[in-house]
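Peer 1: The opening position of the sequence shown corresponds to residue 175 in my numbering, with each subsequent residue numbered one higher.
Since the hints were derived computationally from the structure, they do not count as laboratory data.
Where hints are given, some of them may not hold.
In silico SDA-like pairs for lysine to any residue, Cα to Cα no more than 20 Å straight-line [stated by the list, open to error]:
#: 1; residue 1: Lys233; residue 2: Ser249
#: 2; residue 1: Lys374; residue 2: Tyr286
#: 3; residue 1: Lys291; residue 2: Asp349
#: 4; residue 1: Lys467; residue 2: Lys374
#: 5; residue 1: Lys233; residue 2: Gly384
#: 6; residue 1: Lys374; residue 2: Arg352
#: 7; residue 1: Lys374; residue 2: Ala394
#: 8; residue 1: Lys374; residue 2: Glu285
#: 9; residue 1: Lys374; residue 2: Asp349
#: 10; residue 1: Lys233; residue 2: Gly252
#: 11; residue 1: Lys233; residue 2: Glu250
#: 12; residue 1: Lys374; residue 2: Ala401
#: 13; residue 1: Lys374; residue 2: Gly384
#: 14; residue 1: Lys291; residue 2: Asp301
#: 15; residue 1: Lys467; residue 2: Arg352
#: 16; residue 1: Lys374; residue 2: Val386
#: 17; residue 1: Lys203; residue 2: Ser192
#: 18; residue 1: Lys374; residue 2: Tyr282
#: 19; residue 1: Lys233; residue 2: Val211
#: 20; residue 1: Lys233; residue 2: Gly251
#: 21; residue 1: Lys467; residue 2: Leu456
#: 22; residue 1: Lys233; residue 2: Tyr430
#: 23; residue 1: Lys291; residue 2: Met278
#: 24; residue 1: Lys233; residue 2: Thr400
#: 25; residue 1: Lys233; residue 2: Thr454
#: 26; residue 1: Lys203; residue 2: Ile215
#: 27; residue 1: Lys374; residue 2: Ser356
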Amino acid sequence: MDAVNTLTTNDAPPLKASRVRSSRRVADKLLIVGSTVATLIGIVVLGSILLMLIVEGVKGFSPLLFTEPTPGPGSEGGGIANAILGSLVLTLIGIVIATPVGVMAGTYLAEYGRHSKLADVIRFLNDILLSAPSILIGLFVYTLMVRPMGTYSGWAGGVALAIIATPVIVRTTEDMLRLVPSTLREAGAALGAPPSIVIKSITWRGASAGIVTGIILALARIAGETAPLLFTALNNNSWFSPNLMGGIPNLPVMIYQFALSPYSNWQQLAWAGALLITATILALSIVARFVIKSERAR
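Work the whole structure out from these sequences, hints included.
Peer 2: Written as structure tokens, this is what we have:
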């Protein structure tokens with residue numbers, strides 16, 4: 175009897191371990207199946223959206239798309255040249271403002287304020303801006319600029335886009351500068367170079383590809399923004415004017431307005447504009463990846 179009890183007691187742990195291993199295998203297989211299904215669903219949904227965008231957008235592509243302004247309600251023909259030019263100007267204003275601010279702020283965080291309380295506050299605020307809905311930024315700029323000026327303007331739209339782009343550049347600049355080996359900074363200091371020269375000639379040069387990549391990603395981030403422009407630059411269907419103190423035509427708002435219109439020609443132009451923005455963002459993302467790969471190859 176004691177021998178039987180001893181045998182049963184000794185067999186129990188292996189049986190329990192076997193059950194644990196079996197349950198882990200089942201959980202592992204379920205996780206793999208679930209991940210695969212979720213990935214396939216995402217690919218199918220994204221592929222369907224892109225396929226519909228390409229099929230409908232290609233129909234509206236023609237030379238007139240890039241040479242003619244947007245047509246009036248119910249009119250045939252026309253293009254989106256004024257909206258393209260307006261978007262380029264707004265994006266240029268935004269990136270020109272955001273680049274120096276973002277690079278200098280990222281440099282401060284990486285080189286001067288790594289462990290200071292002020293740097294911690296800046297990082298916290300930067301993280302909030304990174305995740306803030308763009309419509310809130312549009313409302314902020316509307317209150318700050320549009321209401322006091324009494325009119326929508328290209329400058330307000332550019333400032334809104336700059337606020338969106340700046341956190342991206344700050345984060346990438348800080349991260350890229352932190353990747354530069356400290357030995358390079360120490361070598362520059364050993365030669366008697368002041369910190370400003372070390373940053374300019376060594377750390378910025380060593381992290382230049384990463385900083386440029388961050389600027390390109392910020393450019394892609396703001397290229398298709400619609401919500402902030404609804405409250406700042408709005409839109410108009412006239413030919414582009416260099417006067418930025420009024421509403422300015424732009425692709426995102428044009429797509430929004432034309433897609434909701436009852437006119438088939440406007441809807442077709444909206445599809446073409448959406449395809450153009452998507453292709454532009456895709457091209458910018460590819461360029462950013464190419465810059466990263468070329469830097470790693472070096």
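Peer 1: Given the hinted pair Lys374 and Tyr282, is their Cα-Cα distance within 20 Å?
Peer 2: Measuring from Cα to Cα gives roughly 13 Å; hence the hint holds.
Peer 1: For Lys233 and Glu250, compute the direct alpha-carbon distance and say whether it is at most 20 Å.
Peer 2: holds, 14 Å
Peer 1: Check whether the Cα positions of Lys291 and Met278 lie no farther apart than 20 Å.
Peer 2: Holds, because 18 Å separates the two Cα atoms, which is no more than 20 Å.
Peer 1: Compare the distance between the alpha carbons of Lys203 and Ile215 with 20 Å, and conclude whether the hinted pair is satisfied.
Peer 2: holds, 18 Å
Peer 1: Lys233 and Gly252: Cα distance at most 20 Å?
Peer 2: Holds, at roughly 14 Å.
Peer 1: Check whether the Cα positions of Lys233 and Val211 lie no farther apart than 20 Å.
Peer 2: Not satisfied, since the Cα-Cα distance of roughly 33 Å exceeds 20 Å.
Peer 1: Is the hinted pair Lys374 and Val386 satisfied, with a Cα-Cα distance of at most 20 Å?
Peer 2: OK: Lys374 and Val386 at ~15 Å, within 20 Å.
Peer 1: Between the alpha carbons of Lys233 and Gly384, is the straight-line distance 20 Å or under?
Peer 2: violated, 38 Å
Peer 1: Given the proposed pairing of Lys467 with Leu456, does the C-alpha separation stay at or below 20 Å?
Peer 2: holds, 17 Å
Peer 1: Lys233 and Tyr430 were given as a pair; does the straight-line alpha-carbon distance stay at or below 20 Å?
Peer 2: holds, 18 Å
Peer 1: Is it true that the CA of Lys374 sits at most 20 Å from the CA of Ser356?
Peer 2: holds, 15 Å
Peer 1: Taking only the CA atoms, is the gap from Lys374 to Arg352 under or equal to 20 Å?
Peer 2: Holds, at roughly 15 Å.
In the structure shown, a violation is registered for the earlier hints numbered 4, 5, 7, 12, 19, 24, in ascending order.
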